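Participant: Sequence:
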Amino acid sequence: MEGISINSNKNIIHSFSRPLTSYGVGDSERCIEIPWAISQYKNEKVVLDIGYAHAEERYLKKLLDLHIPELHGLDIVDKNIDGIISHVSDIRKTEFFDDFFDLVFCISTIEHVGKDNKIYTGIISNQEKCGDIQALREIYRITKPGGKVVITVPYGKFHDYGWFIHYDKEKLHALTHSSPWQKSAESYYLYNNGWFNCGDKDLESILYKDNGAPAAAGLACIVLIKPSLKRNIFSLISRLGLKIK
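Under the working numbering, the residues of the sequence shown are numbered -10 to 234, in order.
Treat each hint with caution, since some may be false.
Unchecked claim - Dumping the calculated DSSO-like pairs for lysine-lysine here, alpha-carbon to alpha-carbon at most 30 Å:
#  : residue 1 : residue 2
1  : Lys172    : Lys133
2  : Lys118    : Lys190
3  : Lys82     : Lys118
4  : Lys190    : Lys160
5  : Lys160    : Lys133
6  : Lys34     : Lys172
7  : Lys146    : Lys160
8  : Lys160    : Lys198
9  : Lys31     : Lys51
10 : Lys34     : Lys133
As the list claims (entries may be wrong) - Per label pair, the in silico range of CB-to-CB distance:
#  : residue 1 : residue 2 : range
11 : Asp54     : Ser75     : 17 to 27 Å
12 : Leu218    : Glu45     : 30 to 40 Å
13 : Glu117    : Glu45     : 20 to 30 Å
14 : Ser194    : Lys31     : 32 to 42 Å
15 : Ser194    : Gly72     : 40 to 50 Å
16 : Val77     : Gly188    : 36 to 46 Å
I should point out that these hints are in silico values taken from the structure, not numbers from a laboratory.
None of these values were measured; they are calculated from a predicted model.
For every residue, glycine included, the Cβ atom is placed at its ideal position computed from N, Cα and C.
Starting from the given sequences, assemble the full structure and let the hints guide the process.
Facilitator: Pasting the structure below:
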């Protein structure tokens, strides 16, 4: 990844605290979200990556280079990768214990939950409304109090593309406030002949592949923390057999 130092978390955070000049021309949002996500790692011991089986090699390399003591990967298809404990499951309903993970990475993944995943599985799947909200509630259940989730999504003007959701401010607010998380960080980026740091309002009219972007032209990066003293209400709901709408 040329043009940016990724030698330390401090360098990454500093690099993304100012507008980027012609960085990542012709590259997808991965050139932004990978270093941004990796910079959020603070020596957590038990970590989950959601969607690892379809992740790009450059992301997996940076993830494995962190030398996380216990790194789990969850996806709807199986993939064996040295250094990752593999789990085949739907993130909306997992078998992990309550309060299990210190950190969860969900990089360009949650927008696909409950959508048509034929591109990934080869099987036509039924679409389900609010799959992303169900996923984040399950992530809340399996995250330790004081733990966090790192989320990146395509962002700008709302549009349902069938195989993923393109978030706007209202849709992203509904997602992040569907569980009692505390937001600790957020950043927004725009593609326009390269990637630039921006405000969320700068992305209001942006859709997928706008401005000649190879994929997303707007990106939201967010860190949510599970409050230390919150009762795990979603575990209780699950035990009672109640459905979350």
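Participant: Does each hint hold? Answer for all of them.
Facilitator: Each hint tested on the structure:
Our distance criterion of 30 Å between C-alpha atoms is met by Lys172 and Lys133, whose separation comes to about 16 Å. Taking the CA atoms of Lys118 and Lys190, the gap is about 26 Å. The hint holds against a cut of 30 Å. The suggested pairing of Lys82 with Lys118 holds, with an alpha-carbon distance near 15 Å, which does not exceed 30 Å. Restraint check: the Cα-Cα separation between Lys190 and Lys160 comes to about 14 Å, which is no more than 30 Å; the hinted pair holds.
A threshold of 30 Å between alpha carbons decides the hint, and for Lys160 with Lys133 the separation of about 26 Å falls inside it, so the pair holds. With a C-alpha separation of about 21 Å, the suggested pair Lys34 and Lys172 falls inside the 30 Å cut-off, and the hint holds. With a C-alpha separation of about 10 Å, the suggested pairing of Lys146 with Lys160 holds against the 30 Å cut-off. For the hint pairing Lys160 with Lys198, the CA-to-CA distance comes to about 19 Å; that is within 30 Å, so the pair holds.
Between Lys31 and Lys51, the direct Cα distance comes to roughly 14 Å. Compliance with the 30 Å bound is thereby established for this hinted pair. Distance hint between Lys34 and Lys133 is fulfilled; the C-alpha atoms sit about 12 Å from each other, no more than 30 Å. Distance hint for Asp54 and Ser75: a CB-CB separation of about 19 Å, consistent with the stated range 17 to 27 Å. Checked against the given bound of 30 to 40 Å, the beta carbons of Leu218 and Glu45, roughly 38 Å apart, stay inside it.
Taking the beta carbon of each, Glu117 and Glu45 are about 26 Å apart, inside 20 to 30 Å as hinted. For the hinted restraint 32 to 42 Å between Ser194 and Lys31, the CB-CB distance of approximately 36 Å keeps it satisfied. A beta carbon spacing of about 42 Å between Ser194 and Gly72 agrees with the range 40 to 50 Å that was offered as a hint. Take Val77 and Gly188: their Cβ atoms lie about 39 Å apart, and the range 36 to 46 Å holds.
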